[in-house]
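Using the sequences plus the hints, can you model the full thing?
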Amino acid sequence: MHSRPAITGSLVALAVGAWLGAQGLGPLGSAVAQQPAPPHLIPQSLQIEHEDTLERLTILTHRPGAVGAEARKALVLFKAHIARESEFILPPLTLLPELADGKVTPDMKWALAMSDRVKTEREQIFQQHTQITDAMNALAVAARAAHDKVAQEFAEAAVGDSLNDAELLEPMVLLIGDYLRAKLPPGQ
Amino acid sequence: MPKHRCGAALVIAPRAMTVAAPSARGWCLGAGIGVLLAIASNPAAAGDPAAGKQVFEQQCSICHSAQAGRNAIGPALFGVVGRPSASIANYNYSPPFKALGVTWDEATLDKYLTGPRAMVPGTKMTYAGLKDDKKRADVIAFLATLK
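Just so you know, the protein sequences line up as chains A and B, in that order.
Using my numbering, read the first sequence as starting at 1 and increasing by one per residue.
Using my numbering, read the second sequence as starting at 1001 and increasing by one per residue.
These are calculated hints, taken from the structure and not from any lab test.
Note that this is a predicted model, so its numbers are computed, not measured.
Beta carbons: idealized from backbone N, C-alpha and C, even for Gly.
Hints are supplied without guarantee of correctness; some may be wrong.
Stretch-level coverage of chain B by chain A, calculated; a stretch enters the list once three of its residues show a Cβ under 8 Å from a Cβ in chain A [claimed, not checked]:
no.: 1; segment: 1062-1074
no.: 2; segment: 1123-1135
The calculated DSSO-like cross-link candidates involving lysine-lysine, where the alpha carbons are at most 30 Å apart (straight line), are [as the list claims (entries may be wrong)]:
no.: 3; chain 1: A; residue 1: 73; chain 2: B; residue 2: 1098
no.: 4; chain 1: A; residue 1: 149; chain 2: B; residue 2: 1124
no.: 5; chain 1: B; residue 1: 1131; chain 2: A; residue 2: 73
no.: 6; chain 1: B; residue 1: 1134; chain 2: A; residue 2: 73
no.: 7; chain 1: B; residue 1: 1111; chain 2: A; residue 2: 149
no.: 8; chain 1: A; residue 1: 79; chain 2: B; residue 2: 1124
no.: 9; chain 1: B; residue 1: 1053; chain 2: B; residue 2: 1111
no.: 10; chain 1: B; residue 1: 1131; chain 2: A; residue 2: 79
no.: 11; chain 1: A; residue 1: 119; chain 2: B; residue 2: 1111
no.: 12; chain 1: B; residue 1: 1124; chain 2: A; residue 2: 73
no.: 13; chain 1: A; residue 1: 119; chain 2: B; residue 2: 1131
no.: 14; chain 1: B; residue 1: 1124; chain 2: A; residue 2: 119
What follows is the structure, encoded as structure tokens:
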């Protein structure tokens, strides 16, 4: 556990690092500059869900035997998929509350490129879901053999999340793109 | 009535042919070819339901139940053989599935399980397919027992 002075010291170091990063100065500044915040966030509910998924799966990677081995393979897939989702699949969904209120503004244009990319890469995204399903099948088989109910429930829930992505979230992003295109003033 | 009856099962047919009179031999050959054709067009006939149950549990059960009326992520597969596609009333099929219009028999299941997206582009089933012919025949044989 950290003591309070240590935490304060860390915060000061982080603040200095961030300032240096903003100025483009020093080795600390370089490290900070290499990890810029993503240009567009994803809905907070999905951010929490991602963090929870990765946390639970990471715990499973420490299980002995086949459960741990399958969880480790799955973690690689999940990280890649979540990175893809965070990069361009899910950010347009942050516009939904405003769109639902009937607001469409030119500064929403950024979502068009993301929506177009989802349309272009939809088959690849689907293939990634099939890989996750395969991995979850393998994890569920290992979990049943090990009588690991937690791992089994994780696998079953994760397959459900995959379906949620394919059935709801990705089509919604395409719809947002079409809606923006129809509603934004010409030339935007 | 021919002196030597030819067994319906392919495994008996070659032996029967060696002892049959010429006319009976022709009959047996025809029957043997018929059985071969039947197996080719009916993958479940060559499948092992017990092995198929294991394949089902490893590859399908995370999304599909084998019990009647228990839809999960995918529709319940009880009674799937002989059932028209997209015919479970309280399961929300994807639009391409609603438009598919086939009856699930051994041949259509074999084609679908080989490559779900190839047979039904746009299906929401996130499964790449079962490429192993034997495992596919086994799982179809198992599905045929679900009634």
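>> Taking beta carbons only, do three or more residues of the segment 1062-1074 of chain B come closer than 8 Å to chain A?
In response: Three-residue rule met by the segment 1062-1074 of chain B, so holds; n is 3.
> Is residue 119 (chain A) close enough to residue 1111 (chain B), meaning Cα to Cα at most 30 Å?
Replying inline: Distance of about 27 Å is within 30 Å: holds.
>> For a C-alpha distance cap of 30 Å, please report whether residue 1131 (chain B) and residue 79 (chain A) respect it.
In response: Distance ~27 Å between residue 1131 (chain B) and residue 79 (chain A) Cα, so the pair holds.
>> Just to be careful, I want the Cα atoms of residue 1053 (chain B) and residue 1111 (chain B) compared with a cutoff of 30 Å; is the pair within it?
In response: 19 Å, holds
>> Tell me if the straight-line CA distance from residue 1124 (chain B) to residue 73 (chain A) falls inside 30 Å.
In response: 24 Å, holds
>> Please verify whether residue 79 (chain A) and residue 1124 (chain B) have alpha carbons no more than 30 Å apart.
In response: Holds - the C-alpha atoms of residue 1124 (chain B) and residue 79 (chain A) are around 22 Å apart, at most 30 Å.
> Taken at face value, is the distance from the CA of residue 119 (chain A) to the CA of residue 1124 (chain B) at most 30 Å?
Replying inline: Satisfied, since the Cα-Cα distance of roughly 15 Å is no more than 30 Å.
> Are residue 149 (chain A) and residue 1124 (chain B) close enough, with their CA atoms no more than 30 Å apart?
Replying inline: Holds, at about 27 Å.
> Do the alpha carbons of residue 119 (chain A) and residue 1131 (chain B) lie within 30 Å of each other, as the hint requires?
Replying inline: Within the cut-off at roughly 28 Å; holds.
> Is the straight-line distance between the alpha-carbon of residue 1134 (chain B) and that of residue 73 (chain A) 30 Å or less?
Replying inline: 27 Å, holds
>> Check whether the Cα positions of residue 1111 (chain B) and residue 149 (chain A) lie no farther apart than 30 Å.
In response: Between residue 1111 (chain B) and residue 149 (chain A) the Cα gap is close to 34 Å, so the pair fails against 30 Å, i.e. violated.
> Within a Cα-Cα threshold of 30 Å, do residue 1131 (chain B) and residue 73 (chain A) meet the stated pairing?
Replying inline: 21 Å, holds
In terms of the numbered hints stated before, the structure departs from hints 3 and 7, listed from lowest to highest.
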